[in-house]
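Given only the sequences and the hints, what does the whole structure look like? Please build it.
Those sequence lines, one after another, are chains S, X and B.
Its first residue numbered -14, the first sequence is counted upward by one per residue in the numbering used here.
Its first residue numbered 17, the second sequence is counted upward by one per residue in the numbering used here.
Its first residue numbered 17, the third sequence is counted upward by one per residue in the numbering used here.
Keep in mind that the hints were calculated from the coordinates and are not lab data.
By construction, the Cβ of each residue, glycine as well, lies at the ideal position given by its N, Cα and C atoms.
Warning: the hint list may mix true and false statements.
Heads up, incomplete: computed chain S residues facing chain B, CB under 8 Å, no partners named [claimed, not checked]:
id : residue
1  : LEU4
2  : LYS15
3  : ASN30
4  : ALA32
5  : TYR80
Some chain X residues close to chain B (C-beta under 10 Å, calculated; not the full set) [as the list claims (entries may be wrong)]:
id : residue
6  : VAL133
7  : GLY134
8  : ILE137
9  : PHE143
10 : LEU145
11 : ALA146
12 : GLY149
13 : LEU150
14 : GLY159
15 : ALA161
16 : LEU168
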Amino acid sequence: MLLIGTVSVSWYLAVGAVLFVLGAVCMATKRNLLGVLMGVELVLNGANMNFIAFGSKVLRPEGSLGLDGQLIALFVIVLAAAEAAVALAIALNFYNNHNTVDVDRANELNG
Amino acid sequence: MADFVNYILNIEGSWFGYVVAALVAAVLILHVVAVGALLFIWMERKISGRIQDRLGPTRVGGKFGWLQTLADGIKLIAKEDVTPDLADKFLFKIAPYVGLAASYAAFIALPFADGVVGLHINTAVFFVLAVLGLEVFSVILAGYASGSKWSLFGAMREAAQVVSYEVPLGMCVVVPVMICGTMNLTTIANMQAGFLTNWLVFNDPFTFLTAIVYFTCATAGVNRAPFDLAEAESELVAGFHTEYSGLRWSLFFMAEYSSMFIVSALASILFFGGPHGPIPVTEILGFAGDSLGNPGMEAFSEETAKNDGFFAATQFGLILSRIIGVVNLLIKGCIGVTVMMWVRWSFPRLRIDQVMTMCLKYCVPLAAIGFLGATTWQALDLPTGTTLTGSHRYEYHELWTAGLKDKVLLDQDETADSSEAPIPHENDTQTEVNKVPLKTVPVSVLKGGER
Amino acid sequence: MDLIAVAWPYWHQFFFIIFAATAVGFGFGVLLSKNVVRMAFYLVLSLGSTAGLFFLAGAEFVGAMQLMIYVGGTLVLLIFGVMLTAQKDFINMDTHTQDWILATIVGGSLLMVLLFAAFGADDWSTPQDINDAQVEATKEATPLGLALTGIRVDKLGDSGDAVDDGKSGYLMPFIIVSIHLLVVLIGAAYMARTKKLSHATDDKSSRAKLMLFKMEHESEQLEEETYVVTHRGKSALNPLDPQNEN
Chain S
-14 MLLIGTVSVS WYLAVGAVLF VLGAVCMATK RNLLGVLMGV ELVLNGANMN FIAFGSKVLR
46 PEGSLGLDGQ LIALFVIVLA AAEAAVALAI ALNFYNNHNT VDVDRANELN G
Chain X
17 MADFVNYILN IEGSWFGYVV AALVAAVLIL HVVAVGALLF IWMERKISGR IQDRLGPTRV
77 GGKFGWLQTL ADGIKLIAKE DVTPDLADKF LFKIAPYVGL AASYAAFIAL PFADGVVGLH
137 INTAVFFVLA VLGLEVFSVI LAGYASGSKW SLFGAMREAA QVVSYEVPLG MCVVVPVMIC
197 GTMNLTTIAN MQAGFLTNWL VFNDPFTFLT AIVYFTCATA GVNRAPFDLA EAESELVAGF
257 HTEYSGLRWS LFFMAEYSSM FIVSALASIL FFGGPHGPIP VTEILGFAGD SLGNPGMEAF
317 SEETAKNDGF FAATQFGLIL SRIIGVVNLL IKGCIGVTVM MWVRWSFPRL RIDQVMTMCL
377 KYCVPLAAIG FLGATTWQAL DLPTGTTLTG SHRYEYHELW TAGLKDKVLL DQDETADSSE
437 APIPHENDTQ TEVNKVPLKT VPVSVLKGGE R
Chain B
17 MDLIAVAWPY WHQFFFIIFA ATAVGFGFGV LLSKNVVRMA FYLVLSLGST AGLFFLAGAE
77 FVGAMQLMIY VGGTLVLLIF GVMLTAQKDF INMDTHTQDW ILATIVGGSL LMVLLFAAFG
137 ADDWSTPQDI NDAQVEATKE ATPLGLALTG IRVDKLGDSG DAVDDGKSGY LMPFIIVSIH
197 LLVVLIGAAY MARTKKLSHA TDDKSSRAKL MLFKMEHESE QLEEETYVVT HRGKSALNPL
257 DPQNEN
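Okay, here's the thing in structure tokens:
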């Protein structure tokens, strides 16, 4: 059906949605701190996919976001890099101090 | 190419032509990777031998040992493929393929000559660098999956080193991009057409500096000696490929040699004229025709073939000039690889802290100086050594901002020209460009004045 | 001969299916794999395929940036972190069953909502005719660069208060992001600093200079810092290490 039909924005949105949900579930279920981080990356990519799809003149010549979509995707990528750097620093610090990367054991501040 | 196949078989617009064209391109690039590796390994042995006052291989395949690498290849294929018990089997097996795939994929966007390119990508410079950067994963995965301490140390060093050196590398690559005003490698190469002096390396002193820094960082980026910390034999046995043998081991080397060639070819396109030789023979003889201004010009057009026959549609002069261009680029790439080998057998390996110092204390500041200097040179419009052929850099920039200028100045009368936003690179031809008043003021100056 | 003579102009769909399948498939790989290193590898492939989809949608510059910054920079950093912490107990970590059930229910319903939204609007799900020349022009990176410096060449024909004042460009966000990156780098360097010990300060001044360089340049430099820190932490300077208590 899809192979001879035409790809519309919706299909890209669907891929983005699946990636987003996979990332969200990954964030919720992984116990490894770095696994949670990977979930965050997937979520950001799912969101980025939407921006690209809406900004694409290939998919939607009329009424697309145009450059704005690509620019926001760029900002997301840059900020994701920064976010990963900080999160990794936190993760490594946590590992150095507690000798574990299990998020369930990061419970010192529990009341 | 696809048009050509479809015309020969008399099937218009069929999928078959595209598939055949893709396969031909893929196989050609595969030959650059595989045959290139054979040649380079032989060269490495001969060069190292000569540098160390030895003869190198002399027996297999005649006096100069031409077939030594082939013999080794057969030996490696026949060798047992050992996987250590402690290894992560899946990652261990897949790691060499990742590296080979990455360095192979970088060839997609690398133009061997005007129009001889797997895929026209407008951001080809970044694409090549980005895909080449993925090669680091093969080393990291191999190092981790081997389940050996030596391998893991090698992988750690590689990760730290490659990611650090990408920073000065990127800063160096931005300089030609800035001067030419495009990220399209074909356009950058074509701007340097003409005599030797038109190469960007002679543009101004800062581009010369940048070219040297680029080559240094590229050597480190592809993990070559004296930066080959990941496989330091004296410390880490064999580094990340300690546990590999046979075909998988040879795949690592194929990837290494082909990425060496890619960074050399990229250097030649960015700084050393790319497919244009020191003396523009083809342009003087008029083979290339008017193809220089039209990056997308095809050597064969299906429409002309239909109307005027096969021979009218095929531009043999253009094809010949492109073949010469490919040969030029291959020679330049090989010279770059040779220099890398020369460096490898002349300098001792650095320590890891020296590698990091080299990157952060020398390469990054030098690249920054080169970048700032080249920018200033362009902004002040100082005399340059090059006359970039068909350089539309200011004109292009003017085009992008021309409408804006009208808008700012005329304000009310914006229906006239500004509403049709000009599309540069599309209307590449001279007549279209002439419609807009040309200025030789760099866009930065203009912009600074306006804002 | 009949078969090969078929005109088949559906390359976009073909490559879309390939890239989408690999992106989603390896996304599932990330979710379902228990081994953290394999998760990282699947993530690399998934994000690489996403970059392919970006190329397909005409965003070549963003695709190349995704490969360069995201896959080549951020994920190398991530894998680096994985390798530093991949000790025996942490490579394979099981998830509690109740977590799985809950996450599947919530995630499934979220997916339903998102897919419903994606295919709900006719404007999105109806394919539009494409003008090739127009498409090629949008693949240029120059408008992107100019937009980052505050000039919107694609909106020259527009008018309105925001456009006339030059507010349609992205100069301000660009600067904000730059400052944000700087703050992030300083923060990360602070978080990952070496714990102060007497013999750790031998080369303090040179390390401070190094750190300055790193802050001024790219976030990827952080990796070097963590490398130094963790290796020291593991070898001689880790206060938690019982071997170093004297």
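Results of checking the hints against the structure:
A cut of 8 Å between beta carbons decides the hint on LEU4/S: the least distance to chain B is about 5 Å, and the hint holds. About 7 Å separates the beta-carbon of LYS15/S from the nearest beta-carbon of chain B, less than 8 Å, and the hint is met. The interface hint given for ASN30/S is met, as the beta carbon of that residue sits about 5 Å from the closest beta carbon of chain B, less than 8 Å. Annotation: interface hint on ALA32/S violated; nearest CB of chain B at approximately 11 Å, more than 8 Å.
At about 5 Å, the closest approach between the beta carbon of TYR80/S and any beta carbon in chain B falls short of 8 Å, and the interface hint on this residue holds. Interface hint status for VAL133/X: violated, as the beta-carbon distance to the closest one in chain B is roughly 14 Å, over 10 Å. Interface hint status for GLY134/X: violated, as the beta-carbon distance to the closest one in chain B is roughly 13 Å, over 10 Å. Checking ILE137/X against chain B: minimum C-beta separation of about 6 Å stays under 10 Å; hint holds.
Interface hint status for PHE143/X: upheld, as the beta-carbon distance to the closest one in chain B is roughly 5 Å, under 10 Å. Checking LEU145/X against chain B: minimum C-beta separation of about 6 Å stays under 10 Å; hint holds. Taking 10 Å as the C-beta cut-off, the interface hint given for ALA146/X holds, the closest approach to chain B being about 4 Å. Of the supplied interface hints, the one on GLY149/X holds, with its beta-carbon coming within about 4 Å of a beta-carbon of chain B, less than 10 Å.
Taken as an interface hint, LEU150/X checks out: its beta carbon lies about 6 Å from the nearest beta carbon of chain B, inside 10 Å. Taken as an interface hint, GLY159/X checks out: its beta carbon lies about 8 Å from the nearest beta carbon of chain B, inside 10 Å. The criterion of a C-beta within 10 Å of any C-beta in chain B is met by ALA161/X, whose closest approach is roughly 8 Å, and the hint holds. The closest approach between the C-beta of LEU168/X and any C-beta of chain B is roughly 7 Å, which is under the 10 Å cut-off, so the hint is satisfied.
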